[in-house]
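**Student:** On the provided structure of chain A, position chain Z as indicated by the hints.
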Amino acid sequence: MSNAAAPARPGAILKSNLWTSNPIFMQVLGICSALAVTNLLVNTFIMAVGVVFTTAMSNLTVSLLKKMIPRKVRMIVQTLVIAFYVIIVDIVLRAYLPDVSRALGPYVGLIITNCIIMGRAEAFAQSNPPIISFWDGMTSGAGYMGVLMVIAFFRELFGFGTLFGFRVMPGWFPDWTIMVMPPSAFFFLGLIIWIGKNIMNREAA
Amino acid sequence: MKKDGMLYTVIFSFIVCFVFVFILSFTNEGTRELVQFNQQVARQKAILSAIGIAYESDAQVPDLFERVERIERNGETFFRTERDGRTIYAKEFAGAGLWGIIEGVLAVDAEISRTVGLEIIDHNETPGLGGRIDEAAYKEQFRDIRIQDDGFRFPRGVPADPEEGMIDAVTGATRTSESMVDILSSVVLTMRSTLGR
Chain A
10 MSNAAAPARP
20 GAILKSNLWT
30 SNPIFMQVLG
40 ICSALAVTNL
50 LVNTFIMAVG
60 VVFTTAMSNL
70 TVSLLKKMIP
80 RKVRMIVQTL
90 VIAFYVIIVD
100 IVLRAYLPDV
110 SRALGPYVGL
120 IITNCIIMGR
130 AEAFAQSNPP
140 IISFWDGMTS
150 GAGYMGVLMV
160 IAFFRELFGF
170 GTLFGFRVMP
180 GWFPDWTIMV
190 MPPSAFFFLG
200 LIIWIGKNIM
210 NREAA
Chain Z
40 MKKDGMLYTV
50 IFSFIVCFVF
60 VFILSFTNEG
70 TRELVQFNQQ
80 VARQKAILSA
90 IGIAYESDAQ
100 VPDLFERVER
110 IERNGETFFR
120 TERDGRTIYA
130 KEFAGAGLWG
140 IIEGVLAVDA
150 EISRTVGLEI
160 IDHNETPGLG
170 GRIDEAAYKE
180 QFRDIRIQDD
190 GFRFPRGVPA
200 DPEEGMIDAV
210 TGATRTSESM
220 VDILSSVVLT
230 MRSTLGR
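Chains as they are written, first to last, in the numbering used here: chain A, 10 to 214; chain Z, 40 to 236.
Pulled out of the complex, with its shape left as it was, chain A reads as follows:
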């Protein structure tokens, strides 16, 4: 699963990031936010859009700068670039979508600590040209988004009885408080890893 050696073809990158080395369920990266934000679909979606933007843009920037970055301060510069884009997302939300910004609260700032972004900058953007790095960042973010939306779908459905805030479960359905709390994401993440690996093993066989 070495990413540095990943083939730099767009199709192969797409498949790798969405499926065979999906950041969440194959590499099990960035799961802190996968546990924290996935109890409501709306929050999850906006958070994931922020991650897609940040991963894509920081990959592009790191790739553009890579020839100039001294080896010693490589990771600090990557962190700076990532933090820069996350703060941009935060400022834009606060200015133009104040309600969403209020609902997400500290989650947006926490995108900085998402290991997927740093992982892609270090493993891919550092050794590949800008455009393909941008694509790699976008698809990595999309792989993250896909898994999180699935987890959020079930957590919101069972935890609140709603989907995107609309009540879908019948009135007699008791909301499962455990689904609202972070531990339930572990169960779903475990299930997704199990199902994903099974399908992959069958494909390989």
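The hints are simulated quantities; they were obtained by calculation from the structure and are not laboratory data.
There are no misleading hints in this set.
Simulated crosslink set (DSS-like; lysine-lysine; CA at most 27 Å straight-line): (1) 76/A - 42/Z; (2) 206/A - 24/A; (3) 81/A - 41/Z; (4) 178/Z - 84/Z; (5) 81/A - 42/Z; (6) 41/Z - 75/A; (7) 42/Z - 75/A; (8) 75/A - 24/A; (9) 76/A - 41/Z.
A partial selection of chain Z residues facing chain A, derived with a Cβ cut-off under 8 Å: (10) 42; (11) 48; (12) 55; (13) 66; (14) 211.
Computed from a prediction, not measured in an experiment: that's the story for all the values here.
A virtual CB, placed ideally from N, CA and C, is assigned to each residue, including glycine.
**Tutor:** What follows is chain Z alone, placed relative to chain A:
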């Protein structure tokens, strides 16, 4: 200059930091008025909805807010208005929650004996647990609760009785709910002592 040399590293780091921070400051400065305006509208909306004044769009908010009278007494700020022939007082509050400061508005009647409404402006409580204090189910409890001499309290083993000043807690968020009871009780006591009721 050697790329991995000390001088290059220092100069490079300085330039990179300078450029990125410059762009950020620029963006921040450019949106500051908009952000402040948003915060102000959010505050005014909270005060209006605590009092129970309906608005259809954000554009109406500043006009409606004009009609609310602002009173300063003993260094405390209150808001007073008439709704359906009744005098209503509102006060902004800020108090310690579980993770951070909870800010909001509490509106009460002229005698400070019954609540009119509650609105939360800002909080850092656990999303999905304590954070649910800003959901309608929690806030709507505060329409017409009889305030006790010492403020509000929790029901213990009985259904919450508004005539006894009882507020239901949020399930799984006992500490946040306790903080709310403490904060709101002290707001009510401040209002009583300052307004002399």
